[in-house]
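Student: Build the full structure now, drawing on both the sequences and the hints.
Okay, here's what each chain looks like letter by letter:
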Amino acid sequence: MAERTGPGRVLLVTGVSRDLGRRFARAAARHPNVERVIGVDVAPPRGDIGKVGFVRADIRNPVIAKVIAKEEVDTVVHLSVIATPGTTGGRSTMKELNVIGTMQLLAACQTAPSLRQVVVKSTTQVYGASSRDPAMFTESMEPRRTPSSGYARDVADIESYVRGFARRRPDVAVTVLRCANLLGPNVHSPIASHFRRAVVPNVLGYDPRLQFLHEQDLYGVLEHAVRTGVPGTFNVAGDGVLTHSQVARRLQRMTVPIPEPVFGMTRFGGGEYPAELRALLTYGRGVDTTRMRSLLGFEPRFTTADTVRDFADSVRPTVSRTDRALASLESRLTGVPR
Amino acid sequence: MTESAAQGFTGTTTRDRHPLRAIPASDWAAALESAAKEVFGPEWEAQLARFIVFLRRRISGQYSVDEYGFDRELTQRFMLAVLRPIKEKWFRVEVRGIENIPTDGGALIVSNHSGTIPMDGLMTMVSINDELGRDLRPLGADLVFRMPIIGNIARKAGATLACSEDAERMLRGGELVGVWPEGFKGIGKPYSERYKLQRFGRGGFVSSALRTGVPIVPLSVVGAEEIYPLVGNIPALAKVLGVPYLPITPFFPLLGPLGLIPLPSKWLIEFGEPIRTDAYDAAEADDPMLVFNVTDQARETIQQTLYRLLGERASVFG
Chain A
1 MAERTGPGRV
11 LLVTGVSRDL
21 GRRFARAAAR
31 HPNVERVIGV
41 DVAPPRGDIG
51 KVGFVRADIR
61 NPVIAKVIAK
71 EEVDTVVHLS
81 VIATPGTTGG
91 RSTMKELNVI
101 GTMQLLAACQ
111 TAPSLRQVVV
121 KSTTQVYGAS
131 SRDPAMFTES
141 MEPRRTPSSG
151 YARDVADIES
161 YVRGFARRRP
171 DVAVTVLRCA
181 NLLGPNVHSP
191 IASHFRRAVV
201 PNVLGYDPRL
211 QFLHEQDLYG
221 VLEHAVRTGV
231 PGTFNVAGDG
241 VLTHSQVARR
251 LQRMTVPIPE
261 PVFGMTRFGG
271 GEYPAELRAL
281 LTYGRGVDTT
291 RMRSLLGFEP
301 RFTTADTVRD
311 FADSVRPTVS
321 RTDRALASLE
331 SRLTGVPR
Chain B
1001 MTESAAQGFT
1011 GTTTRDRHPL
1021 RAIPASDWAA
1031 ALESAAKEVF
1041 GPEWEAQLAR
1051 FIVFLRRRIS
1061 GQYSVDEYGF
1071 DRELTQRFML
1081 AVLRPIKEKW
1091 FRVEVRGIEN
1101 IPTDGGALIV
1111 SNHSGTIPMD
1121 GLMTMVSIND
1131 ELGRDLRPLG
1141 ADLVFRMPII
1151 GNIARKAGAT
1161 LACSEDAERM
1171 LRGGELVGVW
1181 PEGFKGIGKP
1191 YSERYKLQRF
1201 GRGGFVSSAL
1211 RTGVPIVPLS
1221 VVGAEEIYPL
1231 VGNIPALAKV
1241 LGVPYLPITP
1251 FFPLLGPLGL
1261 IPLPSKWLIE
1271 FGEPIRTDAY
1281 DAAEADDPML
1291 VFNVTDQARE
1301 TIQQTLYRLL
1311 GERASVFG
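Protein sequence lines correspond, in order, to chains A and B. Under my numbering, think of the first position of the first sequence as 1, with each following residue one higher. Under my numbering, think of the first position of the second sequence as 1001, with each following residue one higher.
Among these hints, one or two may not hold up.
Far from chain A, by Cβ distances over 12 angstroms, these chain B residues were calculated [stated by the list, open to error]:
{"#": "1", "residue": "Q1076"}
{"#": "2", "residue": "A1081"}
{"#": "3", "residue": "V1082"}
{"#": "4", "residue": "E1131"}
{"#": "5", "residue": "F1184"}
{"#": "6", "residue": "K1185"}
{"#": "7", "residue": "I1275"}
{"#": "8", "residue": "L1309"}
{"#": "9", "residue": "E1312"}
{"#": "10", "residue": "G1318"}
Derived coverage of chain A by chain B (criterion: at least 3 residues anywhere in the stretch with Cβ under 8 angstroms from a Cβ of chain B; other residues may be distant) [said to hold, decoys possible]:
{"#": "11", "stretch": "121–135"}
{"#": "12", "stretch": "197–207"}
{"#": "13", "stretch": "232–246"}
Now the in silico label distances, taken between C-beta atoms and shown as ranges [unchecked claim]:
{"#": "14", "chain 1": "A", "residue 1": "A198", "chain 2": "B", "residue 2": "Q1303", "range": "55 to 61 angstroms"}
{"#": "15", "chain 1": "A", "residue 1": "E299", "chain 2": "B", "residue 2": "P1190", "range": "53 to 59 angstroms"}
{"#": "16", "chain 1": "A", "residue 1": "A198", "chain 2": "B", "residue 2": "L1237", "range": "41 to 47 angstroms"}
{"#": "17", "chain 1": "B", "residue 1": "E1193", "chain 2": "A", "residue 2": "G297", "range": "28 to 34 angstroms"}
Hints listed in this document are in silico derivations from the structure and should not be mistaken for laboratory results. C-beta atoms are modelled at their ideal positions from N, C-alpha and C, and glycine is treated no differently.
Tutor: What follows is the structure, encoded as structure tokens:
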């Protein structure tokens, strides 16, 4: 599809109170082809939003439709789906924000004549994680076990509403980006906090395969999707996979094996381990990114290993003594100074 | 010696009286050096340095695994190294027809399955690696990947789940894939039914080969049936534990851990002539009749070869 150029692109970005939405909206507002960016959220953003016009609105109520109509929005970037309840309240509030919020947003989109494009950030967690999974999920594969609760269920519901919307508004290009677990120096997610711990718990007897997407590549792919307007569903992940033990070793962190039945029960000093993260840390997951390259035309700058390396620079190693001892022994034996 | 010894006499703390204090550092170094010579030979410095480089790479996680979780370095340097003496000294595996495996590109090895534990799969992996230098990528049941430790080792050794998605992805990627279509029915069958092939699943492996156009290489393994002769089963307990069968052999659980030592049967493994699938159209993979026919052809070849090999083997332990 040809690139959309010309002035007058008006973006509506949901979820700007959080870091991801705020940073993306601010960067988008600086783009020469973008006339204006409207950021929407229930809470005001916690940082500088630059030229972004902020509208404090709940996407769960019809006000959002008025905003889209009045501002003649042509592109909606939906980033407000949250993975953990966090400060919003309990799980029921989270579900309402995610699922009902998306329904209302799409209902508002459906009646907006100016709308040309919708970009939704989804996650590879829609595939779940189980022992019966294929090694690499492609976009056409279904999860082996349909998630019954939690974030993964929310995302599955959201994606089905988005598919319904795409059927009803064939003139709108709908892009769903199923992003792998996000990692980077500024990322605050359950898995990022998991690897930031001084001592990292792992599930005894399992070494799951993990794939990461660097935060900068997330901004990159959102920008790319908005710019090119390629419709469809795409897996987005850095190249290659690393096992949990490899990541822990590269971050120079000690791991403590915890048996699987107990892993879910303990909270390990306040760490958050929602069901989908526990499943991921047991069985792991890989996604195929062929379509991301060939159809969407996006190439991530960071591989999974690069992402972990960049993340490693932001965390302080907790066990490096063994490596230092071996390194000094090696240089003594080979006579090569380090 | 004199200095530290003198201190030992004058000092009164327990630390100074420690017996190891009396051994000077130079003695330690000499002892370590001779130990290193013993383990690594006269070239010990270079050998040890190489070993430490390896160790550091493992400890710092700077090795790579492929998308299925296959850790080639660990498999080659550790797992195969452990299995090799068992293959050569214990089972005295004799490999025939290795030329029937393509030296590159995708191929599907289809084998009979027996022996209570999948030792036949492990021995096939070592044999192909030794004779051909290729990695065999086994397809395993989902039970394998549900189990802790075992599932983990299986993935590191190159296995993946036996499903059409993974099989076809590997075959398209030019891997040498191994499949044991009898599954638990084959491996857990009683000793009285030895060398009688069970049903070959639903022929899913044939569909995968047809879709990817790779040759099917039938493999017949003689010898694995006798390593743990399965004379009994405790289905009730197996059900409780969630495993397909719970074996009783003449020595297990009677002799406890000793009963876990496999009997040293003589093994013959023969790779048969490849069944070509590239003449068929990929769409024909959905033709059940063709799939049945090719499945039968592979099964018949393996069964006939098993009978022939059994005739050629002098005795079980010969």
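Student: Each hint: holds or not?
Tutor: Checked hints:
At roughly 17 angstroms from the closest C-beta of chain A, the C-beta of Q1076(B) stays outside 12 angstroms, upholding its exclusion from the interface. With a least CB separation of 20 angstroms from chain A, A1081(B) remains clear of the 12 angstroms interface cut-off, as annotated. Taking the minimum C-beta to C-beta distance to chain A, about 19 angstroms, the non-interface status of V1082(B) holds against the 12 angstroms cut. For E1131(B), the non-interface assignment is confirmed: its Cβ lies about 27 angstroms from the closest Cβ of chain A, beyond the 12 angstroms cut-off.
With a least beta-carbon separation of about 16 angstroms from chain A, F1184(B) lies farther than 12 angstroms from that chain, consistent with its non-interface assignment. A cut-off of 12 angstroms between C-beta atoms confirms that K1185(B) is not in contact with chain A; the least separation is 19 angstroms. With a least beta-carbon separation of about 25 angstroms from chain A, I1275(B) lies farther than 12 angstroms from that chain, consistent with its non-interface assignment. At roughly 34 angstroms, the least C-beta separation between L1309(B) and chain A is larger than 12 angstroms, which holds for a residue marked as non-interface.
For E1312(B), the condition that its CB be more than 12 angstroms from all CB atoms of chain A holds, with the nearest at approximately 39 angstroms. With a closest Cβ-Cβ approach of about 39 angstroms to chain A, G1318(B) is found to remain outside the 12 angstroms limit, as its non-interface label requires. Here the stretch 121–135 of chain A counts 5 residues with a CB under 8 angstroms from a CB of chain B, which clears the bar of 3, and the coverage holds. Evaluation of the coverage hint for the stretch 197–207 of chain A: fulfilled, as 5 residues show C-beta separations to chain B shorter than 8 angstroms, against a requirement of three.
For a cut-off of 8 angstroms, the count of residues in the stretch 232–246 of chain A with a CB near a CB of chain B stands at 6, and the three-residue condition holds. About 59 angstroms separates the C-beta atoms of A198(A) and Q1303(B), a value consistent with the hinted range of 55 to 61 angstroms. Taking the beta carbon of each, E299(A) and P1190(B) are about 56 angstroms apart, inside 53 to 59 angstroms as hinted. Distance hint for A198(A) and L1237(B): a CB-CB separation of about 43 angstroms, consistent with the stated range 41 to 47 angstroms.
The hint said 28 to 34 angstroms for the Cβ distance between E1193(B) and G297(A), and at roughly 57 angstroms that hint is violated.
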